[in-house]
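Those protein sequences? They're chains A and B, same order as listed.
Numbering follows full-length UniProt numbering, with no gaps: position 306 of the first sequence is 306.
Numbering follows full-length UniProt numbering, with no gaps: position 13 of the second sequence is 13.
A hint or two may mislead.
Unchecked claim - Pair by pair, the computed Cβ-Cβ distance ranges are:
(1) B/Lys37 x A/Arg57: 51 to 59 Å
(2) B/Asp14 x A/Val186: 33 to 41 Å
(3) B/Asp2 x A/Ala25: 36 to 44 Å
In short, the hints are calculated from the structure, not lab data.
Glycine included, every Cβ here is placed at the ideal spot set by N, Cα and C.
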Amino acid sequence: MPEPISLMPAPPQQRPRWRVWAPPAAAYAAGGLLYAVNGRLWDTLLWDVVGLDPASRLGGALHFFLYDTVKILLLLAGIVYAITVARSFITPERMRAMLGGKREGVGNAIAATLGVAAPFCSCSAVPGFIGFVSAGVPLGVTMSFLIASPLVNEVALVLLLGSFGLGPAVLYAVTGFAIAVIAGLVIGRMNPERWVEPFVLEARGRTAVAMAGGLRPAWSDRLDLARTETVALLRKIWPWLLAGIGIGAFIHGWVPEDLIATIAGSDNPFGVLAAVALGVPLYSGAAGVLPLVDALFAKGVPMGTLLAFMMATVALSVPEMVILRRVLRPRLIAIFVAVVAAGIVAAGYLFNAVL
Amino acid sequence: MDVTILGHGCKNCDALEARTVEALAGLGRTAEVAHIKDDAQIAAYGVMRTPALVADGRVLVEGQVPTAARLAEILATVPAT
Numbered sequence: 001m002p003e004p005i006s007l008m009p010a011p012p013q014q015r016p017r018w019r020v021w022a023p024p025a026a027a028y029a030a031g032g033l034l035y036a037v038n039g040r041l042w043d044t045l046l047w048d049v050v051g052l053d054p055a056s057r058l059g060g061a062l063h064f065f066l067y068d069t070v071k072i073l074l075l076l077a078g079i080v081y082a083i084t085v086a087r088s089f090i091t092p093e094r095m096r097a098m099l100g101g102k103r104e105g106v107g108n109a110i111a112a113t114l115g116v117a118a119p120f121c122s123c124s125a126v127p128g129f130i131g132f133v134s135a136g137v138p139l140g141v142t143m144s145f146l147i148a149s150p151l152v153n154e155v156a157l158v159l160l161l162g163s164f165g166l167g168p169a170v171l172y173a174v175t176g177f178a179i180a181v182i183a184g185l186v187i188g189r190m191n192p193e194r195w196v197e198p199f200v201l202e203a204r205g206r207t208a209v210a211m212a213g214g215l216r217p218a219w220s221d222r223l224d225l226a227r228t229e230t231v232a233l234l235r236k237i238w239p240w241l242l243a244g245i246g247i248g249a250f251i252h253g254w255v256p257e258d259l260i261a262t263i264a265g266s267d268n269p270f271g272v273l274a275a276v277a278l279g280v281p282l283y284s285g286a287a288g289v290l291p292l293v294d295a296l297f298a299k300g301v302p303m304g305t306l307l308a309f310m311m312a313t314v315a316l317s318v319p320e321m322v323i324l325r326r327v328l329r330p331r332l333i334a335i336f337v338a339v340v341a342a343g344i345v346a347a348g349y350l351f352n353a354v355l
Numbered sequence: 001m002d003v004t005i006l007g008h009g010c011k012n013c014d015a016l017e018a019r020t021v022e023a024l025a026g027l028g029r030t031a032e033v034a035h036i037k038d039d040a041q042i043a044a045y046g047v048m049r050t051p052a053l054v055a056d057g058r059v060l061v062e063g064q065v066p067t068a069a070r071l072a073e074i075l076a077t078v079p080a081t
């Protein structure tokens, strides 16, 4: 089949192909090499060169901090870059077309899948929301998307995979997905239209919703976008990340296991509830929380409690609520937070019971 | 040519506006660059990711901030009126 004729003349090829592909390929090779030697590098530097004792508290904490910082930064850069490139192929307009005219249930499942695969950045949450609703996508289905999008966070997924293996990572993705579907269905039943700002609904059913899309990007555009996004993300999260790893290192070295076991251990029936209550107001990206999760798990906090804490921190954030306030009434925002938090608590107890 | 930036005045939207002005100057074309910040009006363009660049009613860029050089290439494809 011939390429669809675009409205615009093809953009002039400003760079030869090798100039487009060589920098990312070189960066991946260098990053992979560093990742492979990361542990040995710090072993040699700390134990042999500096002469610290691996069994000492300071030595253990310092090694944890340095090793984790390098590991997480490399993982993040590599993953976010690849994901941004992949995502440049899934536009919201395509998603909207897929969701149009779908029943509830099926629609919620598709919406949650799309929320996982191609979330909106928070700056686009409002136009995205309006775009879905104005195209006639039911509110409950749109909510499934809005919930899944931060809840199943790709950074968290990959870091879980890196630290704990396939089991917890899959568990996290599947539960996050289920919470998004169920919460969307529940909210959809509540007649939520009354809690949406009227101008959003007025846009609904307007026949001539222009199909925007922008120019079809060239490969060099996609790679440029991925580079800027990766740099922007790392710039934004590095303080969180260092703080998270720093606290993790402190816990690793100094906080006694008994103390944590009493507060958040499997014997405490309110552990999950407390973790979620703590996680909702605490806003951090996945990159800041996971080093903490890593350290707390090593001290004996059960996985369900930790996953609940992580989900609450990542999925429910005050800045996002403020942005959503432009289109949603406070009532619906409150219900949104309550339903998602309840889902996370349930998931946490379920994991602790099953695992 | 009619040029409009869509976005809520976030950092990226301002960057897109500044680069668009720069690109237009580089091309030697004169155009008013408007900036729409109203959610309802943005939605009317069918745009789902901000910032966006609209020229003569056509959405050229959506959800990203290309370099001024790339914007000049894109804007050069819009016929002069």
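Which of the numbered hints above does this structure break?
Result: no hint breaks.
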